[in-house]
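Participant: Work out the full structure: start from the sequences and follow the hints.
Protein chains in written order, with our numbering: chain Y, 1 to 170; chain F, 171 to 421; chain X, 422 to 646.
Mixed in with the good hints there might be a few duds.
Within a straight-line C-alpha distance of at most 30 Å, the following computed DSBU-like cross-link-like pairs (lysine-lysine) qualify [what the hints assert, rightly or not]: (1) LYS397/F <-> LYS154/Y; (2) LYS177/F <-> LYS245/F; (3) LYS397/F <-> LYS177/F; (4) LYS277/F <-> LYS95/Y; (5) LYS493/X <-> LYS434/X; (6) LYS154/Y <-> LYS177/F; (7) LYS154/Y <-> LYS396/F; (8) LYS245/F <-> LYS397/F; (9) LYS396/F <-> LYS245/F; (10) LYS396/F <-> LYS177/F.
In short, the hints are calculated from the structure, not lab data.
Spelled out, the chains give:
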Amino acid sequence: MTRLYVRWSVILVAGIVLAALASQYHARHLAALTPETVVATSPTGTAIRVIGMVQGGTLEGEVATGSLRFQLGGAHDVLPVQYQGPPPENLRELKTLVVIGRWIPETRTFVAHDLGLVANYGFVMAAYLAALIPLGLFVFGMERRVSLLYRDIKESKIYEPEASVHVDGT
Amino acid sequence: MISLVIKRLQRYEGWVGGAAALCLVTGLYLGLIASPPDYYQGEVVRIMYVHVPLAHTAMLAYGVLFGASIWYLWKRDPIVDNLAHAAAGISAFFTAAALVTGSIWAKPTWNTWWTWDARLVSFAVMFLILAGYLMMRTFVDDPEREARYAAVLAIVGFADLPIVHFSVEWWRTLHQPLSISMRGVSMSGEILVPLSVMSTGFTLLFGYMLMVRTQMLYLTRLLQAKKGRLLSHAHVAQSGPQVGSQPSSAH
Amino acid sequence: MSFFRVIHWVAWKDLISEVRSRETISSMFFFALIVILVFSFSFSMDQQAARQLIAGIIWVAFAFTGMIGLGKSFAAELQNDCLEQLQISPAPKGAVYLGKLTANLVFMLLVEIILFPMFVIFFNLDVVEQLPLLLLIFVLATWGLSTVGTLFSAMTVQIRAREVMLPILLLPLAVPVMIAAVEATRGALSASPLDLYQQWLQLLAVFDVVFTVLSFWAFEWIVDS
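Facilitator: Have a look at this one:
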């Protein structure tokens, strides 16, 4: 029985460690701020991610040179964005996206050097957790039940007295 | 006293389980970290790496249930009945998981939690048939009759599934001309590798779960029989000489 | 006894006992009336909506009514150990199945034929030209429900929770029959040309044949003792 519990404790610990690593990675590389947060807190740093929707009628510039200006809107605030970087393939008005760059408090604009995908990590994580956690519980429950059954059969001494049967229960 | 087949299952289950774990960990790494997001669907395509293997394994498990049911009616081996029962339980679980992950995948992709697609409806019907099978098995008192009825139910249910699929397919083309853009996934090699690894891992996992669950059902029946809780034939396969009773290995 | 005599005898026995007691048909009939009433409260229907929904309502009513009849089919055998005698009798079991199937088919059809004019009256349907076609649809679909229903009725009669297990087992398998019946009935009621919905009639026919054969074979295993 102990081997069963040891095995599953290892799996559980591994899962927790992975979850911690994943959430750390998410916070550092994938999480994005809203325009309201940027305007309110004036964050410093060169790789700030901001998520918002390109406001209608504000997109100007040349796609080919990769130099564009638009307004990025959140729930209440609008962020003027100046983008200079690789020519974006599918930058349109009314599209939600992530801009990566710096915030200039003096001019109150956001200078972006890259665009990011709006990734639906929530759905991916939900699906994997919904599949793997019940699966783990199910398999653990089965293995535990089998161990208990082997132990019960051994203890109730239901074997032939002549030949001693070695019941290998973990 | 415990059948040789069961002892062999117990000896080899570790290998299958270990191989399954290895494949799954590799597949998870490949699917979640190493592979790129899809051109159309973005990150959400990663759900496919868990949804598709679940669906395939659920169907494989149902096939095992069908085969084991026919085998049971032919040979009346109680362990084969345990195998069928085990396959049904696992298939029900995997079907439910496939439906849930499919629904979670559908929401960001097609903006709807459910669509009356032929495959999804067939899966839902398959789940209901399996649930009915498992319920019925708990309501029958005599184990030998339970095994017989269950085998018949599994065979009739299996025969019905293709007809269900076709009828829903026809019905759907009548009422929902493809308004949902069913853009597929760009099947590149980068998508195929994690998918195959996860599929192999889930198939091995199914094999392992089948071995464990068959043992569980067999041992439960054995314990009941030995403790005299069964009034009719024990309907358990055993090996070796019994003290005082006849071997009841076949009906 | 020869095969066909057994079928005839089993079916005739059920029909005669029903004529004398009339309990199955009357309970099915009143249950169906209640179902129709409840449905008419659930949907507020004008003419357009009625035409769309009525086929579905008809078949939901028939399906649940059929469950009652199918359930009673073998329940009557529980008295006086008839079921055990069925198991040990030398009559070919397949013939017994076909006899039961015929009796169930007749009961369900009778109830449907009595009920359908009520539908026509309550929902103001216009059906005179399509009556033969509708009758064909009713026969095919009812046959389909009865094939698997008779088998499952025999299966569930001796287990616990018998009344709830029959619908749980039967309805998922009867999905093709329900879809085909509703679509065909809707086509007939809206007077569409036949080739638009004849595929459904073909589906019903295929289902009927396949599952009669399958249930005929499976019945041996169910009543084998």
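Participant: So which hints don't hold here, by number, going up?
Facilitator: Violated: none.
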